[in-house]
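Participant: Residue numbers (the numbering used here), protein chains in the order written: chain A, 3 to 269; chain B, 3 to 269; chain C, 3 to 269; chain D, 3 to 269.
Please keep in mind that the hints were generated in silico from the structure rather than gathered at the bench. In this text, all values refer to a predicted model and were calculated from it rather than measured experimentally. A couple of the hints might just be wrong.
Same chains, same label: a pair holds when it works inside one copy or across any pair of copies.
Lysine-lysine pairs mimicking DSBU-like chemistry, simulated, CA-CA at most 30 Å apart [unchecked claim]:
1. 248 x 264
2. 188 x 133
3. 264 x 188
4. 237 x 72
5. 232 x 72
6. 264 x 232
7. 248 x 188
8. 188 x 232
4 protein chains.
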Amino acid sequence: MASLAQVLHGHGGNILDADQHTDVGAGQFFQRIRVDLAELTSDRTSFEGAIAEVAERFHMEWHITWPGDKKRVAIFVSRYDHCLWDLLLRHRAGEFDCEIVAVMSNHPDLEPISTQFGVGHHVFPITKDTKSDQERRERELLDGLGVDLIVLARYMQVLSGEFVAAYPNRIINIHHSFLPAFMGGKPYHQAFDRGVKLIGATAHYATTDLDEGPIIEQAVVRTSHRDSVKDLLRKGRDVERMVLAKAVRNHLEDRVIACANKTVVFE
Amino acid sequence: MASLAQVLHGHGGNILDADQHTDVGAGQFFQRIRVDLAELTSDRTSFEGAIAEVAERFHMEWHITWPGDKKRVAIFVSRYDHCLWDLLLRHRAGEFDCEIVAVMSNHPDLEPISTQFGVGHHVFPITKDTKSDQERRERELLDGLGVDLIVLARYMQVLSGEFVAAYPNRIINIHHSFLPAFMGGKPYHQAFDRGVKLIGATAHYATTDLDEGPIIEQAVVRTSHRDSVKDLLRKGRDVERMVLAKAVRNHLEDRVIACANKTVVFE
Amino acid sequence: MASLAQVLHGHGGNILDADQHTDVGAGQFFQRIRVDLAELTSDRTSFEGAIAEVAERFHMEWHITWPGDKKRVAIFVSRYDHCLWDLLLRHRAGEFDCEIVAVMSNHPDLEPISTQFGVGHHVFPITKDTKSDQERRERELLDGLGVDLIVLARYMQVLSGEFVAAYPNRIINIHHSFLPAFMGGKPYHQAFDRGVKLIGATAHYATTDLDEGPIIEQAVVRTSHRDSVKDLLRKGRDVERMVLAKAVRNHLEDRVIACANKTVVFE
Amino acid sequence: MASLAQVLHGHGGNILDADQHTDVGAGQFFQRIRVDLAELTSDRTSFEGAIAEVAERFHMEWHITWPGDKKRVAIFVSRYDHCLWDLLLRHRAGEFDCEIVAVMSNHPDLEPISTQFGVGHHVFPITKDTKSDQERRERELLDGLGVDLIVLARYMQVLSGEFVAAYPNRIINIHHSFLPAFMGGKPYHQAFDRGVKLIGATAHYATTDLDEGPIIEQAVVRTSHRDSVKDLLRKGRDVERMVLAKAVRNHLEDRVIACANKTVVFE
Numbered sequence: 003m004a005s006l007a008q009v010l011h012g013h014g015g016n017i018l019d020a021d022q023h024t025d026v027g028a029g030q031f032f033q034r035i036r037v038d039l040a041e042l043t044s045d046r047t048s049f050e051g052a053i054a055e056v057a058e059r060f061h062m063e064w065h066i067t068w069p070g071d072k073k074r075v076a077i078f079v080s081r082y083d084h085c086l087w088d089l090l091l092r093h094r095a096g097e098f099d100c101e102i103v104a105v106m107s108n109h110p111d112l113e114p115i116s117t118q119f120g121v122g123h124h125v126f127p128i129t130k131d132t133k134s135d136q137e138r139r140e141r142e143l144l145d146g147l148g149v150d151l152i153v154l155a156r157y158m159q160v161l162s163g164e165f166v167a168a169y170p171n172r173i174i175n176i177h178h179s180f181l182p183a184f185m186g187g188k189p190y191h192q193a194f195d196r197g198v199k200l201i202g203a204t205a206h207y208a209t210t211d212l213d214e215g216p217i218i219e220q221a222v223v224r225t226s227h228r229d230s231v232k233d234l235l236r237k238g239r240d241v242e243r244m245v246l247a248k249a250v251r252n253h254l255e256d257r258v259i260a261c262a263n264k265t266v267v268f269e
Numbered sequence: 003m004a005s006l007a008q009v010l011h012g013h014g015g016n017i018l019d020a021d022q023h024t025d026v027g028a029g030q031f032f033q034r035i036r037v038d039l040a041e042l043t044s045d046r047t048s049f050e051g052a053i054a055e056v057a058e059r060f061h062m063e064w065h066i067t068w069p070g071d072k073k074r075v076a077i078f079v080s081r082y083d084h085c086l087w088d089l090l091l092r093h094r095a096g097e098f099d100c101e102i103v104a105v106m107s108n109h110p111d112l113e114p115i116s117t118q119f120g121v122g123h124h125v126f127p128i129t130k131d132t133k134s135d136q137e138r139r140e141r142e143l144l145d146g147l148g149v150d151l152i153v154l155a156r157y158m159q160v161l162s163g164e165f166v167a168a169y170p171n172r173i174i175n176i177h178h179s180f181l182p183a184f185m186g187g188k189p190y191h192q193a194f195d196r197g198v199k200l201i202g203a204t205a206h207y208a209t210t211d212l213d214e215g216p217i218i219e220q221a222v223v224r225t226s227h228r229d230s231v232k233d234l235l236r237k238g239r240d241v242e243r244m245v246l247a248k249a250v251r252n253h254l255e256d257r258v259i260a261c262a263n264k265t266v267v268f269e
Numbered sequence: 003m004a005s006l007a008q009v010l011h012g013h014g015g016n017i018l019d020a021d022q023h024t025d026v027g028a029g030q031f032f033q034r035i036r037v038d039l040a041e042l043t044s045d046r047t048s049f050e051g052a053i054a055e056v057a058e059r060f061h062m063e064w065h066i067t068w069p070g071d072k073k074r075v076a077i078f079v080s081r082y083d084h085c086l087w088d089l090l091l092r093h094r095a096g097e098f099d100c101e102i103v104a105v106m107s108n109h110p111d112l113e114p115i116s117t118q119f120g121v122g123h124h125v126f127p128i129t130k131d132t133k134s135d136q137e138r139r140e141r142e143l144l145d146g147l148g149v150d151l152i153v154l155a156r157y158m159q160v161l162s163g164e165f166v167a168a169y170p171n172r173i174i175n176i177h178h179s180f181l182p183a184f185m186g187g188k189p190y191h192q193a194f195d196r197g198v199k200l201i202g203a204t205a206h207y208a209t210t211d212l213d214e215g216p217i218i219e220q221a222v223v224r225t226s227h228r229d230s231v232k233d234l235l236r237k238g239r240d241v242e243r244m245v246l247a248k249a250v251r252n253h254l255e256d257r258v259i260a261c262a263n264k265t266v267v268f269e
Numbered sequence: 003m004a005s006l007a008q009v010l011h012g013h014g015g016n017i018l019d020a021d022q023h024t025d026v027g028a029g030q031f032f033q034r035i036r037v038d039l040a041e042l043t044s045d046r047t048s049f050e051g052a053i054a055e056v057a058e059r060f061h062m063e064w065h066i067t068w069p070g071d072k073k074r075v076a077i078f079v080s081r082y083d084h085c086l087w088d089l090l091l092r093h094r095a096g097e098f099d100c101e102i103v104a105v106m107s108n109h110p111d112l113e114p115i116s117t118q119f120g121v122g123h124h125v126f127p128i129t130k131d132t133k134s135d136q137e138r139r140e141r142e143l144l145d146g147l148g149v150d151l152i153v154l155a156r157y158m159q160v161l162s163g164e165f166v167a168a169y170p171n172r173i174i175n176i177h178h179s180f181l182p183a184f185m186g187g188k189p190y191h192q193a194f195d196r197g198v199k200l201i202g203a204t205a206h207y208a209t210t211d212l213d214e215g216p217i218i219e220q221a222v223v224r225t226s227h228r229d230s231v232k233d234l235l236r237k238g239r240d241v242e243r244m245v246l247a248k249a250v251r252n253h254l255e256d257r258v259i260a261c262a263n264k265t266v267v268f269e
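Only chain A is shown next, with the shape it has when bound in the complex (with noise of 0.2 Å):
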């Protein structure tokens, strides 16, 4: 930490904000540190430089996101489209600091909202068959994008395993409930049936075992013996929104370090 502070100071780095956390059982160091390059006295190539060699020393692995550097994000959708309004109303009010480049779907249905907001809408249908072959396409699309982050806002096909890694913590995915509660389908009418009284929704990072993956943010909502499935529904549509929308923008600030099965989120 002193001798990153130093680098970044011995440049004219600023540090505005910084947070550190030490996890003890993994014995691992955490950072992130926002600065100030108003009065930056090298160039990027000497300061990133600087940095790689005190991460080097100490083992670190780093990454830098410069001013100019907007993300770039892929949304997939099916039919539901909340999440999708969502992101792309959020956007617009300057609440992510991204560039969203493409909506990506296995059906048509929603490309009159991705074409409103002047994003395009890729369709790509999956069956047993094609999913394989789809995939590939998929990620030939993605990659042609130089796309750095995959929002899955409630998109309800199964990534394959070869898809997940090729994107290690770079997929977000929504499940509507509050994990490990209710995983798998249908998670609205098993707490329907289990008459909980709070339901919530999970942002994690996708990984190969589905509903696994590292999570990033979670709430919940009241509920009641009046609600219906239906009501359920509508309630889990607000929360969905609401914790998909959070995650992504502290993933977008490099706020989430993901570190085994958990992460480190620096609010």
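Following the hints, put chains B, C and D in place on chain A, whose structure we already have.
Facilitator: Frame of chain A, contents of chains B, C and D only:
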């Protein structure tokens, strides 16, 4: 509803609050009525008789609590004291309209607390061999004391199916997780290992299926990567206390109706 | 309650949910009943007549909404669009059982949004000199459209006392603070200056006393020293949306009864 | 930050957690560092000397708490006992790393509680005429006991400006409302009369302006039309307890920095 309201009115009862619910799926109608009896024109026997007549006509189960009818409560504990303190202090503060007639435990540790509040502390050490005998003795004591409600305030023994079946919807347990997540033992350790961003507690009626009984109340509290298991335990104590106290109060005020594996809670 | 339930039953109405409340201090009794009319044995006129007869006998005010009676809603906006989007999208998603018949604004900016949802966007620029005339024209339009409910979705003009008085308990305003904290303008700036750890929003019926009308719904969200005014504005948009939507839905479902300066909300 | 980290490192201190914040508006930089001293290579004097040297160079105010440095706490109470019980039980449960050296009160009522926990209960009856003298005697006792923190746990007397000024940012008060709503007396009655849908509590440092000090922590709880003033008092006790305990714990762990009329809370 009309007939019952008519009977209450006809005997001089003045309805203060009422709440009704129809569970369309189960084909069940639920109702809770709070009546001002200041101008009751008949005696208890004829009042109850009239209600019973209506209830029989419409195949309703019913229950009445008269103003002086304080429920008699036994609290089961082991070594954790936070829920016991909380229940006894709330009782003294007038939050629970009941009599606490016994604390029962498999350990003597918390006796000074019970004694301080003037409640007998009965110790029944449990081993695999003695469990059956001890439960029989516990039931004798409970029945001798006329206990209406058993509160498992972090009681660390599993009650036998026979014991539980003897007090249907009259045993409230606090489970230290947001069920159905993290069933079984050491839920805070499970939560820590899974890296969840919220932990919770669940108050439910005990049934022969452990952790599967009708849920009365749940709540959660935020956690972060900074929280150790010890922090989760501390945060958990607060939410356990709050959830258990709310479930107990609602039960004592006849606000909870269990039906199949769910509850209607008229708050 | 008995007489009314008797009347409903006598005409073949099947009570699905009901909720009653006595405000002892005010000496008022409130009741909401939801009735299944599938087996109604009489026509509307005689059904309403029978209710009216009971109501008169017990000096009750009453209101009935028949299944097809969709309330007609006008939304007032200025330049902030988040509440408008939210209301229109929820309406399209089937969350509001109403017809949105007009968007009215002192600015043309949000017209594309209204148009997209097929709702007329009526612009009434307001200056100190024209306010009285413009409000008269607005009222003509509202009354011509048969508007039942006016939603002030971050409408930045103060309505005159005369206007407000014309729609008693039929104008819902969203105030961007947890009232009565931070009344008046720029509440997020006030909150920032005061250093509060939570910010909130309040939906209330508009009355001639600004920010003093009966409160329908409130919620809060956590803030910290890291939040700038801009962050508060962003967090505030979410809580404003949620609070306004919940108040509107409860009003549309006839769950809200205003009495003096308070509301009964039968959820 | 670099220089300080260098000093800590140079003396063998291992940074476990750190948190920094820049208040751009105020032009202030705040930092909290938790250091593992297991491998400290120098003694306290030289370690502190080195920190002092850096601090002076950068015009920083600083404070260090060594592992054994338990803060000494006095709790002020009147007749409400819920916060006192809560603080003493949490202390016994190991939630507060401090010594509670005195309970001080204008009434003898709660003496049995203090005594039970082995804490001296000092009674200073206050009248308008004796206030000045009694506060002087209280301050003598506090200073004699070496008190670091005064907790006003529902202490119903207003401390004089002179008294408050003697312990800057060392007196934590719990106000039973969500400030700045409902300042002054009887906030639950005010909340009831206004018909709010949430009530709250606020822990803040006491300043000479009553209810205007820097806010440390706030929380709220939902209420409804069914809640009487008595219900609000009951719900309020829970939220008061939770908010006060969290503020006290954060203060004891040196997580709170007051600056002007706000706090930075490094959680």
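Participant: Within a copy, between copies, both or neither: which one fits residue 264 and residue 188 at a CA-CA cutoff of 30 Å?
Facilitator: both (25 Å within a copy, 19 Å between copies)
Participant: At most 30 Å between alpha carbons: which applies to residue 248 and residue 188, within, between, both or neither?
Facilitator: both (23 Å within a copy, 25 Å between copies)
Participant: How do residue 188 and residue 232 come out at 30 Å by Cα distance, when the copy is not named: within, between, both, or neither?
Facilitator: within (12 Å within a copy, 34 Å between copies)
Participant: For residue 264 vs residue 232, is the C-alpha pair at or below 30 Å within one copy, between two copies, both, or neither?
Facilitator: between (32 Å within a copy, 18 Å between copies)
Participant: Should residue 248 paired with residue 264 be assigned to within, between, both, or neither, using CA atoms and 30 Å as the limit?
Facilitator: both (17 Å within a copy, 26 Å between copies)
Participant: State whether the alpha carbon distance between residue 232 and residue 72 is at most 30 Å within one copy, between copies, both, or neither.
Facilitator: So residue 232 and residue 72 pass the 30 Å test across copies only (20 Å; inside, 38 Å).
Participant: At most 30 Å between alpha carbons: which applies to residue 188 and residue 133, within, between, both or neither?
Facilitator: Cα proximity of residue 188 and residue 133: one copy only (22 Å, versus 41 Å across).
Participant: Can you tell me if residue 237 and residue 72 fall within 30 Å by alpha carbon in one copy, between copies, both or neither?
Facilitator: For residue 237 and residue 72, the Cα distance is within 30 Å only across copies (22 Å; inside one copy 32 Å).
The structure shown violates none of the earlier numbered hints.
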